[in-house]
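Dock chain U against the given chain E, drawing on the hints supplied.
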Amino acid sequence: MFVLTHDRIDSTDLRAAVSDHGFGALVVFEGVTRNHFEGRPVERLEYEAYADMAQAEMQRIRDETLQNWPSIKLAVAHRLGVVGLGETSLIIAVGAPHRVEGYEASRFVLEAIKSRLPVWKKEHYSDGESWKANT
Amino acid sequence: MPVVIVHYFAALREKKGRETERVEFDAELQVGALYEKLFPSTDGQVVPVAFAVNKTYVSADYVLSDNDEVAFIPPLGGG
Numbered sequence: 001m002f003v004l005t006h007d008r009i010d011s012t013d014l015r016a017a018v019s020d021h022g023f024g025a026l027v028v029f030e031g032v033t034r035n036h037f038e039g040r041p042v043e044r045l046e047y048e049a050y051a052d053m054a055q056a057e058m059q060r061i062r063d064e065t066l067q068n069w070p071s072i073k074l075a076v077a078h079r080l081g082v083v084g085l086g087e088t089s090l091i092i093a094v095g096a097p098h099r100v101e102g103y104e105a106s107r108f109v110l111e112a113i114k115s116r117l118p119v120w121k122k123e124h125y126s127d128g129e130s131w132k133a134n135t
Numbered sequence: 001m002p003v004v005i006v007h008y009f010a011a012l013r014e015k016k017g018r019e020t021e022r023v024e025f026d027a028e029l030q031v032g033a034l035y036e037k038l039f040p041s042t043d044g045q046v047v048p049v050a051f052a053v054n055k056t057y058v059s060a061d062y063v064l065s066d067n068d069e070v071a072f073i074p075p076l077g078g079g
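The listed protein sequences correspond, in order, to chains E and U.
Here this note's numbering is used: position 89 in the first sequence is 89, and no number is missing along the way.
Here this note's numbering is used: position 30 in the second sequence is 30, and no number is missing along the way.
Hints listed in this document are in silico derivations from the structure and should not be mistaken for laboratory results.
Incorrect hints may appear among the rest.
[Stated by the list, open to error] If we take Cβ atoms under 8 angstroms as the criterion, some of the chain U residues that face chain E in the derived model are:
{"no.": "1", "residue": "Ala-10"}
{"no.": "2", "residue": "Ala-71"}
{"no.": "3", "residue": "Gly-79"}
Ideal Cβ positions, reconstructed from N, Cα and C, are used throughout, including at glycine.
One chain only, chain E, in its complex shape (with noise of 0.2 angstroms):
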């Protein structure tokens, strides 16, 4: 399950996705938009994706996460569009045998999807904007 949307997003189906009796884990990741960047106060963010290819890449990290951890169960979801401070931007739910597994696939994930996901987001300051970019 990959969801890329313009409406807010919550873990219920998400958790709904990767549950399994024979599950002893799982691991709900969310990344939430700070307030500030270096120091300067960030009024609103604001996410654009290469949607299609987003799909295709996803496809391709969920590949590739099931290949190293084959147990697991994932669901990811990213927010587009303008996106106010503190709300949920993304979230990767990983169902797992063990805590173990749960922890290294949502880590896995994180990292692929910051650096390959071709989704760009723009900060916006009281006194101008810009675009950037994961470290």
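Just chain U now, with coordinates in the frame of chain E:
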């Protein structure tokens, strides 16, 4: 003449003032060379980019074919 559709995003979209562009070419053309053609360095600040063709990352020396969907990928900010 072969043609590619170029997609612009984020800072590059703002710089071009458009989301897509149809570009014709006659001789063999690599995707990196197409970027240099569309964003000459005399044009001021050139954002570092990666390249995608038909929704897959490729290297700068990828040789374009007729009807390829090209995207210049400026530094990512997802998450």
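Hints versus structure:
no.	hint	verdict
1	Ala-10	4 angstroms, holds
2	Ala-71	6 angstroms, holds
3	Gly-79	5 angstroms, holds
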